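> What follows is the residue order along each chain.
Number of protein chains: 2
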Amino acid sequence: MKLFETIQVELGERSYPILIGNNLLAGTGPRLAQMRPKCRCAIVSDDNVFDAHGKTLTDSLDTASIQHTEIIVPPGEKSKSMATLERVLSDLLDAHLERGDLVIALGGGVIGDLAGFAAAITRRGMEFVQIPTSLLAQVDSSVGGKTGINAPQGKNLIGAFHQPILVIADTDTLKTLPEREFAAGYAEVTKYGLINDPEFFSFLEKNHQDIFSLGPTLQEAVARSCRAKAAIVAADEHEKGMRALLNLGHTFGHALEGATEYDSGRLIHGEGVAIGMALAFQFSNRQNLCSIDDVERVKRHLAACGLPTNPEQIPGKPLTPDALFNFIAQDKKVSKGKLTFILTKGIGKAYIANEVPPAEVLAFLNEALKE
Amino acid sequence: MKLFETIQVELGERSYPILIGNNLLAGTGPRLAQMRPKCRCAIVSDDNVFDAHGKTLTDSLDTASIQHTEIIVPPGEKSKSMATLERVLSDLLDAHLERGDLVIALGGGVIGDLAGFAAAITRRGMEFVQIPTSLLAQVDSSVGGKTGINAPQGKNLIGAFHQPILVIADTDTLKTLPEREFAAGYAEVTKYGLINDPEFFSFLEKNHQDIFSLGPTLQEAVARSCRAKAAIVAADEHEKGMRALLNLGHTFGHALEGATEYDSGRLIHGEGVAIGMALAFQFSNRQNLCSIDDVERVKRHLAACGLPTNPEQIPGKPLTPDALFNFIAQDKKVSKGKLTFILTKGIGKAYIANEVPPAEVLAFLNEALKE
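So the sequence lines, in the order shown, correspond to chains B and X. Numbering-wise, the first sequence is residues 1060 to 1430 according to the working numbering. Numbering-wise, the second sequence is residues 1060 to 1430 according to the working numbering.
A portion of the hints provided could be inaccurate.
Identical chains blur together in the list; that is why a pair holds if it fits in one copy or across any two.
[As the list claims (entries may be wrong)] Under the rule of at most 30 Å between Cα atoms (straight-line distance), these lysine-lysine pairs were calculated in the DSS-like manner:
1) K1408 - K1097
2) K1358 - K1214
3) K1376 - K1214
4) K1137 - K1214
5) K1397 - K1214
6) K1097 - K1397
7) K1408 - K1137
8) K1376 - K1097
Don't read these hints as lab results, they were simulated from the structure. All values derive from a computational prediction rather than experimental measurement.
Based on the sequences and whatever the hints tell you, model everything.
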């Protein structure tokens, strides 16, 4: 195992490296001082993450004589709001950061999306650094430049594409991550195998226990996930084409999140994606696109990792096919009234289906939820 | 005179045309239907502009069978606020615009900045069309992709670079523009001559009366201004270098606006720029960079066009050198504690001076305001 690994996201003048390994957080200060001499930093984090990792980061900045200020918001999805954004923007402006200074996002997906968006729109774009501290953020949300907040009309409806200048994925920060959060992030890891890398899916089937116990294969799983995402983002930065493949499981997943009112007691994003991927495979099978063996293999692996694969596993009031269908019809990936889904011809054979008939989706949901 | 003129802003995949001429507004619908078949539109405008020009635009959209919705905000700089932005975002989301649909900014600089920014951050970037209806917007703010709102900490501190896909500058819309607004916009026209085109400045000296009476040279003045701005923007989209030349007169101008608390009864932006350009020439002369003849020629032309050239012409309580200096020191164009100014070696010979000693600026202001 290498000490740490560097993956370059190739986006022309917006290219940047992702560093993956352990004990990286403590080296942040000297690294930033080298990249942006005399920079000052604003750290955006949440109470929980800052309690766990803030001191390591600020000590490291102090070592490199980098001035810093901290903007700490409450943990949880509710911070992806206009009100919290306004507070972060105001604090960033009060800190009198100038061009050449940096915003550091220290936290999970919520912090990365919020801080990245605040950086995107402060003084028409400040440079920022992602330090993802959850598995989900390390393998997904910190890579690719999607930033934003939620609107009353839906999730992530207000935002921007804004690439970081550096991502530091320190796998040591996952030690403090609750098991449920780890499993949810792992759903996105699995996704990369299911999209276009059957060999990686086999690797995960073989090594998931080692990965869940933060063993030596964890770094490889994170690195391969980041490499997969980086390749897709490099080919289609603004999601005009193949980047939509990353939404495998997400159309059903978002509908499940919507129908459970984003109640994290019932469902968190990665769990929705796990069920969503299982449903995408089932729906593909129903359309005679993929074998039932592949459906079963996907569900077996997710279940072995403690992830749900069926809407009925969600605690609370059962979800109805109609409710899910309404959320799907409202989804922002709907284009000109036709439904777009990521369907699959088998493990590692996902593709973008642009003209899925809404009636077939509803019929499928009626079957799937009756099982 | 050509019927209308097209200037292409060359920005790779973000390139777009600016159409300049009369009677263009009524042709908007068919033009958009050709560019984006089956698009729907949200028009963002203010009460005054929509009263004057809304029907021409909506009739034209109806003719082309383009569905549209209207989002009307109060006129004036106060609409460049977080509160108004939130309302526009909410209305855009409620309109269920999809990818391929358009936001149309119909109005002056405030509307262009607000609507452009709302488009930039709705669904991580919607396409938008600028239809500038003030001279200032036609020659300056609608070209180049700067969008944003004001923060309590200062103007335009929250925003994004977001290029329109089309700019329609219909000179007929200037017929309803108050004379004071026209003159203020003309200050920016003059600026392009002063930056790097002495021949254009001579053209303006010769034709300003015709331009102010909306005569045949108006279209040429607007077109040459847009061409000048487009060339600079194409060379430096994100203001990392020479785009700063467009700030000629703006460092002093912003300080004057700040010191008069953005009270439009006392000073509007273009007037601040006029005085600011006069001060930039005087300061350059004091630094032995440009001749007193050039200073006098600039002031004479601005005065002939009814523009102020001296802070003492601003009505209300006299401004102090210290107050202006404080605003300059806070300006966002300050970099690492050194002052950046656009200075000049004469008419058409502006350049970026990165290390202007603050003490010399203060000494100059003390002299200039004692005159």
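> Each of the hints needs a verdict: does it hold here or not?
Here is what the structure says about each hint:
| no. | hint | verdict |
| --- | --- | --- |
| 1 | K1408 - K1097 | neither (48 Å within a copy, 33 Å between copies) |
| 2 | K1358 - K1214 | within (27 Å within a copy, 54 Å between copies) |
| 3 | K1376 - K1214 | within (22 Å within a copy, 49 Å between copies) |
| 4 | K1137 - K1214 | both (11 Å within a copy, 29 Å between copies) |
| 5 | K1397 - K1214 | within (20 Å within a copy, 42 Å between copies) |
| 6 | K1097 - K1397 | between (52 Å within a copy, 14 Å between copies) |
| 7 | K1408 - K1137 | neither (36 Å within a copy, 53 Å between copies) |
| 8 | K1376 - K1097 | neither (55 Å within a copy, 41 Å between copies) |
Of the numbered hints stated above, those contradicted by the structure are hints 1, 7 and 8, listed in ascending order.
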